[in-house]
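The task is simple: from the sequences and hints, build the whole structure.
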Amino acid sequence: MKAPQWTRRLLGLLAPSSRERDIVGDLEEAHRRRLDHRGPRLARLLTGVEAIDMAAVLLRQRVGGWVGVSLLDFKLGWRMLIRYPGLTVVGGLAMAFAIWVGAVTFEVVNQFLTPDLPLDEGDRIVGIQNWDTEANRSAAPFLEDFVTWRDEVRTIGELGAFREVSRNLVLGEEVPEPVAVAEISASGFQVARVRPLLGRTLMAADEAVDAPAVVVIGYDLWQTRFQGDPEVLGRTVGIGSAPSTVVGVMPEGFAFPRAHAVWVPLRWNMRDLEPGGGRQVAVFGRLAPGGTRSSAQAELDLLSARRATRFPDTLGRIRPRVLSYVRSVQPLPDIGSGGLMAANMFMLMLLLLICGNIALLMFARAATREGEIVVRSALGASRARIVSQLFSEALVLGGVAAAVGLAAAGFGVKWYVSMAAVDSGGQAPFWIRDHLAPATILYLCGLALIASVIVGVGPALKATGRQVGSGLRQTSVRVGGIRIGGVWTAVLVSQVAVTVAFPTTAFVFHRYVAHVRSLDLGFEAGEYLSARLEADEVSFLGNERALDVTPPGVRLASLYQELEQSLTGESEVLGMTFASRLPGMNHPRSPIEVDEAGPLSEADPQLFRAASALIDVDFFRVLDAPIAAGRVFDSGDLNSDVAVVIVNRAFVDEVLGSRNPIGRRVRYAVPADEESRRWHEIVGVAENLGIVGGPGFFPRNEPALYLPATLDDIDLAYVAIHLRGDPEAFTNRLRILASSVDRSLRLHDLRALNHVAESQWNESQFLFRLLTGVSIVALILSLTGIYSVMSFTVTRRTREIGVRVALGSDRRRIVVSIFRRPIMQVLAGIAVGAWLVFLLVLAVTGPLGAREIGLVGLYATLMFVVCMLACIVPTRRALGVEPAEALRADW
Amino acid sequence: MPDKSLAEFELLVMLAALRLGPEEAYTVSIAEDIAERTGRFVRRANVYTTVQRLEEKGLIATHLGESRPERGGRPRRLVKVESAGLAAVRDTTRTIEAMVGSLGDIIADSG
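Chains A and B supply the protein sequences, listed in that same order.
All residue numbers for the first sequence refer to the working numbering, where the first residue is 1 and numbers rise by one.
All residue numbers for the second sequence refer to the working numbering, where the first residue is 1001 and numbers rise by one.
Among the hints, a few may not be true.
[As the list claims (entries may be wrong)] Now the in silico label distances, taken between C-beta atoms and shown as ranges: (1) V1100(B) - V453(A): 18 to 28 Å; (2) V194(A) - V1100(B): 25 to 35 Å; (3) V1100(B) - D36(A): 37 to 47 Å; (4) S1083(B) - R62(A): 45 to 55 Å; (5) E1070(B) - S324(A): 23 to 33 Å; (6) R1068(B) - A205(A): 37 to 47 Å; (7) F74(A) - T1095(B): 32 to 42 Å; (8) D1105(B) - V194(A): 56 to 66 Å; (9) F74(A) - E1070(B): 31 to 41 Å; (10) H1063(B) - R62(A): 18 to 28 Å; (11) H1063(B) - G199(A): 53 to 63 Å; (12) I1096(B) - G228(A): 52 to 62 Å; (13) L303(A) - K1080(B): 50 to 60 Å.
In case anyone wonders, no lab produced these hints; they're calculated from the structure.
Each residue gets a CB set at the ideal place from its N, CA and C atoms; glycine is no exception.
And the structure:
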């Protein structure tokens, strides 16, 4: 295994060209020796530390002579931090914030785009997916594909397959809980190259249909559910309804193939091996020595062409694709790599902007040290020497900010992992790190360095850019030679503009969340407990040879009836119902047609999109949701010749133009099959029950259809149980009842129904908080910047003020003439910011009315007043200048 | 005449290079030799800068060896002690011995 790529790149970048090969070679050799003695994880860490140490030496050799930074400069920098606590706190926190945001974004982007598989030679593990060339989308391979590839492909050494299923883990009399189970081929463990902590992994013999049922468990499960019992091997546990013998425990951190803690053998029968049919699995493998992804792809292409000739109907349009392992089991989210890179760039821009603002503060401070700088120049200090000293001071500030940013970034990444865990159902994929990668720490150091350069070198170059003679002359008469030029004006203007714009963004998000929360679900959702209901298919119930598999829905329907029966004995339970989606959840949307012309406002009056849900006939009665018109379903609707449907109020308003809907007919415009092509007669109108969405930024109640169904019609079934008192207090009791009905009956995501909708807005809430944080930082920075510029202006023109006061000028006119320029800059910033706000509001809510424009104007005025507050102290100081003192001080 | 006396770590590097010989002395092996014999933690970056300094002083010479698979196909930079280097080692060790003189027993006892 090679030394980490970033270490090689780092040293390659910094080493002199004549020494590059032997320096990187030393690193490589030392890493291999460590691998033998210390294991891969520690070896990577030590090699990373050594590379950074070596890089520091090489960097010093490269730039040390030019910069001439000394320890004394850093000591001086430290003293300056203490001497100017306001600047230290404001500048340091702002830098830390920018570094934190940048580092967390970099880490998250890297984990998405180039995840590092923490397995031995993880970069040689690949996944194989099928690509449907007609439908233009990927598809999971079938078991038959796996068996064929395993037997025939040579460029991939070991090939494994898995199928993710959910099962109840049943331990003695404990209440069963659903766990993610990987049905995995024994070869999967060879691909992962991880030895078990106890016992053994799965073996090929375990895959036989008549072999005893066995299970391998993960370390965490072993610790939590078996209390780390060393005698766990040989114990029998229920995986669903199938009693299985524990044969192995995997080491801590092992969750291959994704986020799994329970592994059972992948078994199949002859029916599964029909080409283009049978069960679907995820296929992965480790490239054979010398094999590459492209050579594996070429071999699979040849094989695929041969098979397509033999089975043109089923395999003619299928092409296998070799992908990186992670990409094959976890497709990139819709945002895409471009979006993620854009996020990185945005954060870098944020850093530059914040640093530009801190640079303004540093510049104002440097201006107060103008005399010191000029005298040092006169005494022979080179410009580079003075610049390097000011840079060192900024570097100390940057170092402190980096330390704070680093600590905060650790928390940020942990938060991200917890979010990723929620997204993937409880546990994050095993390749997601909950700590910063060395590359991110390096990037963070780079950000701190960039920040220090901007904050230190820019102002220093500006402050030292004048001739010594004129500097001394001006310093001696205290008129001040440093002026705020075009660049700083631009910085100040952009700073004020951002200050104005950011709070609006936060406000818009706040409105969004508040708006979503205000959408009434239409019934007392807080009285209902919701859950997703699942049961094992018959083939898994210990009878692996059963070929006639009862459809899962039919079995689930019968178990549901039994559960409903057992709930009737519970005094807190008022009712129970089911649906394919419950109110507050994300419903599927489909194009629909209406029998006659719809509203005149639509371009195509007969084609609309509507959300839909398959529901229990008692759905509205159990939810206590009133019917606005017509009737609710009854059991006769399930088998009636006339298909019926209930629509919601939004459907009537938007699709039917508020006309009488009863008796009208609707159907799906793009039917999945002939059955769904049928016309459905509208028999009732329900109130809007928390189906929200729509094309605009602010979601609204969407048109929806409710169709009567039985549980065997539904792929994904949710139940809602009406309870007296706190519904979540009934969670445990419900699990016990479900377990008494059938040990394989699983209840997922048990939550009060009002919490279901709220959980969907967590990310918006987080974004709102983040934007609020950015806004506060921007506001503080902006006000401090304005204050500094004003103070700087007063300091520079103290003598002038004194002379004008002595000559009897009106003090108000003096203030206006002195502050005209900075106030114009603030006004320009507010105008730019208000324009940004205007564009933002326009994009979000559409054309603005007089009220919105007035609000933007009011907000801009408010921001101007806030900005002017920062001018109070400098103005009072200017007005307080005593002529005699000012003149005496100058001479 | 330029100063050819050796600082402590320079002396350790020179001694390790002499012991390993011109075919086996390079940064990684020198660092390991010093670490093994002294029990100290040795930063390879220190060895690298010391070798550079000794080369600038003309006490050692370096050249690239053959490419090696365990180094990802990269060569070692082999260290050869020059006659001036040998003389510097001799002078430094003699100075130390002269200064230690009869204090050997005391030093041993106090240790």
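Original post:
Has the hinted range 56 to 66 Å been met by the Cβ atoms of D1105(B) and V194(A)?
Top reply: 58 Å, holds
Subject >> Satisfaction of the hinted span 31 to 41 Å by the C-beta atoms belonging to F74(A) and E1070(B) >> reply: 40 Å, holds
Subject >> Range hint compliance [Cβ, E1070(B) to S324(A), 23 to 33 Å] >> reply: 28 Å, holds
Subject >> Range hint compliance [Cβ, R1068(B) to A205(A), 37 to 47 Å] >> reply: Check passed, 44 Å falls within 37 to 47 Å.
Original post:
Between F74(A) and T1095(B), is the Cβ distance one that fits in 32 to 42 Å?
Top reply: Once the Cβ atoms are compared, 36 Å apart, the range 32 to 42 Å for T1095(B) and F74(A) holds.
Original post:
Could one say that the CB atoms of L303(A) and K1080(B) fall in the range 50 to 60 Å?
Top reply: 57 Å, holds
Subject >> Supplied distance hint 25 to 35 Å, evaluated on CB atoms of V194(A) and V1100(B) >> reply: Given about 56 Å between the Cβ atoms, the range is violated.
**OP:** Confirm or reject the claim that V1100(B) and V453(A) have a C-beta distance inside 18 to 28 Å.
**Re:** Cβ of V1100(B) to Cβ of V453(A): about 51 Å, so the range 18 to 28 Å is violated.
Subject >> Hint check for D36(A) and V1100(B) - Cβ pair distance inside 37 to 47 Å >> reply: With Cβ atoms ~40 Å apart, the hint holds.
Subject >> Consistency of beta-carbon spacing, G228(A) to I1096(B), with hint 52 to 62 Å >> reply: With a Cβ separation near 57 Å, I1096(B) and G228(A) satisfy 52 to 62 Å, so the hint holds.
Subject >> Assessment of proposed distance window 53 to 63 Å (beta carbons of H1063(B), G199(A)) >> reply: 55 Å, holds
**OP:** May I ask you to test the hint 18 to 28 Å on the CB atoms belonging to H1063(B) and R62(A)?
**Re:** Because 23 Å falls inside the window, the suggested range holds.
Violation of the numbered hints given earlier is confined to hints 1, 2, 4; the remaining hints are satisfied by the structure.
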